[in-house]
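Trainee: What follows is the residue order along each chain.
Protein chains: 4
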Amino acid sequence: MIIVMKPAAPQASIQHVVSMVREAGLETHLSEGKEVTIIGVVGDKSRLQDTNLELAPDVEKIVPITESYKLSNKKFHPDPSTIQVGNTEIGPNTLTIMAGPCAIESEKQLLSIAHAVKAAGANFLRGGAYKPRTSPYSFQGLEEEGLLYMKHAKEETGLSTICEVISRESLACAIKYVDMIQIGARNMQNFQLLREVGKAGVPVMLKRGLSATIEEWLNAAEYIISEGNPHVVLCERGIRTYETSTRNTLDISAVPVLKSKTHLPVIVDPSHASGVWEYVAPLSRCAVAVGADGLMIEVHNNPECALSDGAQSLTFAHFSQLTQELKAYAQLAGRNF
Amino acid sequence: MIIVMKPAAPQASIQHVVSMVREAGLETHLSEGKEVTIIGVVGDKSRLQDTNLELAPDVEKIVPITESYKLSNKKFHPDPSTIQVGNTEIGPNTLTIMAGPCAIESEKQLLSIAHAVKAAGANFLRGGAYKPRTSPYSFQGLEEEGLLYMKHAKEETGLSTICEVISRESLACAIKYVDMIQIGARNMQNFQLLREVGKAGVPVMLKRGLSATIEEWLNAAEYIISEGNPHVVLCERGIRTYETSTRNTLDISAVPVLKSKTHLPVIVDPSHASGVWEYVAPLSRCAVAVGADGLMIEVHNNPECALSDGAQSLTFAHFSQLTQELKAYAQLAGRNF
Amino acid sequence: MIIVMKPAAPQASIQHVVSMVREAGLETHLSEGKEVTIIGVVGDKSRLQDTNLELAPDVEKIVPITESYKLSNKKFHPDPSTIQVGNTEIGPNTLTIMAGPCAIESEKQLLSIAHAVKAAGANFLRGGAYKPRTSPYSFQGLEEEGLLYMKHAKEETGLSTICEVISRESLACAIKYVDMIQIGARNMQNFQLLREVGKAGVPVMLKRGLSATIEEWLNAAEYIISEGNPHVVLCERGIRTYETSTRNTLDISAVPVLKSKTHLPVIVDPSHASGVWEYVAPLSRCAVAVGADGLMIEVHNNPECALSDGAQSLTFAHFSQLTQELKAYAQLAGRNF
Amino acid sequence: MIIVMKPAAPQASIQHVVSMVREAGLETHLSEGKEVTIIGVVGDKSRLQDTNLELAPDVEKIVPITESYKLSNKKFHPDPSTIQVGNTEIGPNTLTIMAGPCAIESEKQLLSIAHAVKAAGANFLRGGAYKPRTSPYSFQGLEEEGLLYMKHAKEETGLSTICEVISRESLACAIKYVDMIQIGARNMQNFQLLREVGKAGVPVMLKRGLSATIEEWLNAAEYIISEGNPHVVLCERGIRTYETSTRNTLDISAVPVLKSKTHLPVIVDPSHASGVWEYVAPLSRCAVAVGADGLMIEVHNNPECALSDGAQSLTFAHFSQLTQELKAYAQLAGRNF
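Residue numbers (my numbering), protein chains in the order written: chain C, 1 to 337; chain V, 1 to 337; chain Y, 1 to 337; chain F, 1 to 337.
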């Protein structure tokens with residue numbers, strides 16, 4: 001927030017405003033020009049929302065600088081970032097395809113899926129070893145055993161690997177086995193975990209919270225980056241609305257909105273967004289057309305028997321057909337795939 | 001809803017269920033097979049939601065046939081419909097581009113826009129003569145004068161024309177001047193108006209209500225078709241959610257959902273959905289990629305001075321660039337454009 | 001909106017701003033003081049949202065006057081209004097109880113309910129003669145026949161009567177039979193109908209739209225009042241959210257918000273808001289405690305057989321018990337009941 | 001979920017269904033009666049949602065038992081629970097008032113507020129030592145120092161104390177100083193933290209997530225109770241909707257809905273729900289009238305200078321006036337206060 005004082009504002013008025021701001025726990029930076037004094041306010045502007053600064057003597061106008069995030073802000077980093085994961089690049093020149101099962105069920109299953117998605121053109125294997133489940137009585141994942149299978153799948157196929165973490169312990173474990181970690185929707189504002197991922201320094205994909213605003217999402221990214229980890233990729237996975245014909249409502253506009261506000265790459269997850277496998281192919285095409293940097297898609301060797309989210313998983317055949325179809329769209333978007 | 005009676009259900013049990021249904025004001029169709037009697041229920045199933053029909057004697061199971069809409073239902077009309085408007089076709093083989101100002105401001109303005117959008121490849125001119133405005137003190141449109149300008153624009157350019165109506169009177173007036181009428185979001189459940197549009201028999205584009213479910217939307221279409229007017233096109237224009245970075249949230253998944261439920265064509269309006277002109281081009285590409293049959297886009301000769309919705313209008317140059325870009329996407333979708 | 005010019009702003013700068021405003025179709029009122037010129041802008045401020053008036057030469061600051069509604073605005077009418085309907089008063093000194101069936105089914109049914117709710121202390125009989133239904137195949141009401149029964153019920157019991165209208169025709173018909181008319185949620189932004197109700201001059205209860213903001217709602221009231229009809233009562237009936245354990249989400253905070261923004265009375269409808277009869281009693285108590293001026297409650301002689309909304313209707317016994325219970329809450333709120 | 005087999009179902013059909021269920025990772029309990037075999041399914045029913053069990057041979061019907069939570073379920077624990085915290089009881093016979101600052105700012109401030117809220121009748125002191133903030137650059141709380149002040153305030157006033165925790169570390173620290181811990185909205189589905197609170201065994205207040213359904217919320221409570229900690233209190237604090245005139249939308253219906261589904265006590269937080277101090281008093285009255293077991297209210301010695309959420313904090317005078325007013329409402333609700 002910038003407070004512009006009136007041309008002939010006396011020192012008393014300037015000091016009054018400065019102390020109002022400081023009393024609110026914020027810092028000020030004075031820029032005294034020849035004609036006008038400008039007071040920059042650093043910190044959480046919401047603390048000032050009830051003070052009628054506008055009404056203070058000799059205040060000319062208040063210019064809000066709405067974004068509280070800085071390191072993820074495009075204003076201070078205009079070029080799109082490219083995140084390097086092993087020998088894979090996520091960014092403006094590529095179309096990244098992450099594919100695999102919702103939950104890792106066995107080594108055999110994971111290897112079979114890994115080979116299939118590799119053959120179809122995916123560059124990342126996804127697979128859940130730690131599953132945050134609504135009910136405590138649901139299957140919670142194979143944990144470290146699942147991570148080990150991910151490592152084997154990587155060794156066999158050369159695919160990069162990504163896995164969700166849900167706590168400090170799972171993070172510490174996962175970074176020994178996989179290339180990139182994922183923060184799920186339910187943990188988007190688990191600030192403690194965000195800071196730890198920031199300290200870990202590993203590439204991370206941050207999913208949007210179930211009803212997070214784009215501004216809250218970029219602030220969550222800021223928690224990671226401000227701890228020294230700039231390797232952040234965002235993932236739009238649908239938001240919660242009143243409409244029930246899809247599991248969530250894919251907020252496809254979030255892609256161009258993010259492209260105007262941040263330099264971070266954006267992935268779209270049509271599987272979780274829709275919850276229905278028939279909609280995954282059209283939503284994947286649309287995500288590439290709108291400018292997404294990649295896709296995260298659930299693929300399963302036998303969707304009818306999947307332990308988790310079978311209804312939204314593609315078969316090998318459907319996934320292969322989809323990646324074929326996406327080539328033309330990637331080309332139109334100027335992306336290697 | 002279909003009620004399946006148990007194999008040996010006696011007549012008394014069957015009659016008991018039939019009278020429960022009839023007491024709820026619904027009709028029944030009995031289908032007495034050799035082994036099983038099936039009771040079809042016709043009418044609004046919600047009236048039965050509190051009766052525990054399942055618990056009635058000798059009821060085997062209840063099979064909900066969830067959709068209360070029939071004429072718009074793909075189940076009974078599997079092939080996609082093509083709506084003929086003058087010499088224009090809206091349907092699976094074409095990409096329809098409707099473009100023009102939010103509000104008609106003057107004849108000169110409208111003609112200038114009509115020529116520009118025609119040159120860029122649009123086949124429909126849109127323009128508001130009756131504007132439903134939140135405040136009674138806002139500009140409400142030129143009404144019949146505006147419609148007359150639409151007629152002139154059609155004569156000069158050969159474009160088909162579409163205009164929103166908001167009442168019986170504006171409907172009666174509009175059909176004398178334009179080729180297709182539009183029911184706006186606020187009137188999606190103005191059932192009286194829907195019936196009158198049904199009786200009028202003219203091609204109509206029905207926009208989705210601000211927070212209408214897809215099922216409510218198809219039922220609104222059913223109001224029109226059940227009066228004898230099958231020339232209905234749907235238009236997704238964004239739904240209301242908590243996210244404020246766009247004016248509404250474009251529910252892009254509605255396109256594949258509708259394609260699975262109805263045979264009616266679907267148009268996407270990225271201008272009203274986003275409210276921000278910079279997002280119109282990416283959202284247009286994505287709508288074509290996801291399978292939409294067309295687009296409705298606001299174009300203005302001078303967006304900064306538009307009487308309504310300037311922020312979401314494209315300039316002639318941007319619109320022309322967009323239609324160029326859309327050609328490749330239309331081709332991938334197998335549509336003439 | 002008020003535009004404050006800088007102290008020494010030359011006439012050229014003032015005229016530039018005035019013409020920017022007028023070009024947007026708005027009127028200006030100049031107030032030229034000794035030191036400062038203030039430009040008042042009359043009309044829909046949203047038309048100016050894209051013009052960067054703040055950046056125009058010699059503009060000191062812009063003070064938004066956010067509300068576009070005036071006649072319903074508490075600022076210009078600080079005392080709460082009392083709406084007289086026959087010999088009934090709706091306002092700050094009374095607790096108005098409107099009760100009756102969702103849909104009028106027969107004369108016998110209506111009279112039986114009328115006597116029961118009268119005995120329990122209600123002062124209004126509600127009953128639907130025109131039902132806006134999602135599906136065209138649902139029961140749409142008895143229409144004029146139902147209105148006639150309402151008239152009879154009034155004659156027999158002395159209750160005031162209220163009935164929903166959905167079109168010009170039903171409005172013209174209803175005002176011959178009932179004391180007050182209701183605009184339902186689906187027609188809250190049927191501006192044509194609002195204007196006609198405004199011209200009719202009869203007392204009207206305006207329900208909140210399914211996903212209307214409070215500001216849109218007050219603007220809808222403004223449509224009615226600006227046609228010369230100040231007899232407007234608002235009715236909160238729940239908004240659409242993601243939560244499905246109730247039919248809608250009762251926005252109980254809307255009552256104090258409205259009390260701070262408007263002088264119009266506010267009624268709460270816990271039956272439609274929750275859709276579940278067990279929740280009607282606690283929500284009624286809470287509505288009185290929060291400051292509502294009345295309640296609209298569905299009561300049915302035989303909820304299990306109701307043609308519409310049986311699940312949310314109270315029996316006579318439950319309604320009578322509730323009105324007994326409400327007496328203490330009305331007393332705490334300083335209201336006659 | 002209970003699967004009812006047809007009367008004469010052969011063993012082969014029964015075994016087929018059993019294996020379908022087991023293949024989905026769920027357990028079965030067979031109950032073979034004289035006429036009918038019933039198969040109880042234990043586990044996450046959603047895993048079966050895509051298998052068409054209904055279509056399997058000899059299945060008569062499927063009776064969903066919708067709730068996946070058991071220990072928090074009223075069905076298995078019909079009487080309302082009373083949670084003992086020190087010498088305070090939270091439950092059906094009392095009205096619990098938790099009051100204090102959003103964030104603890106200094107010892108002097110906290111003690112001054114503690115004495116004021118004690119004098120006004122509060123039985124709990126609330127105060128934030130760990131603040132989950134949207135931006136990493138906002139004030140994050142005094143942490144252990146703040147907890148120490150809470151301990152002093154308890155010693156001086158005899159109030160019970162409650163404090164939010166955001167991680168394993170803050171939990172371990174907090175239980176040394178305060179009587180009850182709080183899980184905030186952002187951590188409602190931080191399942192790791194829920195489990196740890198379950199193991200810690202301390203009284204806990206679980207706030208509803210920003211857009212959590214009531215079912216998700218009760219499942220979150222289940223995570224805590226299933227680890228052996230039954231001392232759980234729920235807190236409704238508003239949900240995220242499109243309406244912006246309040247910070248969140250208080251879902252007041254959640255109180256009667258919870259009362260019908262769970263035996264756990266329910267507290268309402270009108271301060272966070274509305275974000276506006278003027279609305280706190282009416283919303284508090286309405287929460288007591290609807291059946292809440294208590295209130296959590298922000299009180300500050302100087303709201304204009306509060307480091308966090310000043311706009312929603314009551315002054316001492318307003319809080320004292322409110323507690324006076326609530327006495328009559330508590331009496332009507334049959335609660336000691």
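Honestly, the hints are just simulated from the structure, not real lab data.
Careful, some of the hints might be misleading.
As the list makes no split between identical chains, a pair holds if one copy fits it or if it spans any two.
As the list claims (entries may be wrong) - No more than 20 Å apart at the CA atoms, straight line, and that leaves these computed lysine to aspartate or glutamate pairs for DMTMM-like: (1) K6 - E60; (2) K74 - E278; (3) K70 - E27; (4) K70 - E60; (5) K108 - E23; (6) K6 - D58; (7) K70 - E23; (8) K199 - E169; (9) K118 - E156.
Trainee: For K6 vs E60, is the C-alpha pair at or below 20 Å within one copy, between two copies, both, or neither?
Mentor: So K6 and E60 pass the 20 Å test inside a copy (5 Å) and across (9 Å) alike.
Trainee: Checking K108 and E23: alpha-carbon separation at most 20 Å within a copy, between copies, both or neither?
Mentor: between (61 Å within a copy, 16 Å between copies)
Trainee: Under a CA distance limit of 20 Å, which applies to K70 and E27: within one copy, between copies, both, or neither?
Mentor: Answer is within: at 16 Å inside a copy they meet the 20 Å cutoff, but 40 Å across does not.
Trainee: Go through the copies and call it for K6 and D58: within, between, both or neither, with a Cα cutoff of 20 Å.
Mentor: Answer is both; intra-copy 5 Å and inter-copy 12 Å each pass.
Trainee: Between copies, within a copy, both or neither: which fits K70 and E23 at Cα up to 20 Å?
Mentor: neither (23 Å within a copy, 37 Å between copies)
Trainee: Between K118 and E156, at a C-alpha cutoff of 20 Å, which is it: within one copy, between copies, both, or neither?
Mentor: within (10 Å within a copy, 56 Å between copies)
Trainee: For K199 vs E169, is the C-alpha pair at or below 20 Å within one copy, between two copies, both, or neither?
Mentor: The answer is both: 14 Å in one copy and 17 Å across copies each meet 20 Å.
Trainee: If the cutoff is 20 Å on CA atoms, where do K74 and E278 land: within, between, both or neither? Let me know, please.
Mentor: For K74 and E278, only the inter-copy Cα distance (16 Å) is at most 20 Å; the intra-copy one is 35 Å.
Trainee: How do K70 and E60 come out at 20 Å by Cα distance, when the copy is not named: within, between, both, or neither?
Mentor: neither (26 Å within a copy, 28 Å between copies)
In the structure shown, a violation is registered for the earlier hints numbered 4 and 7, in ascending order.
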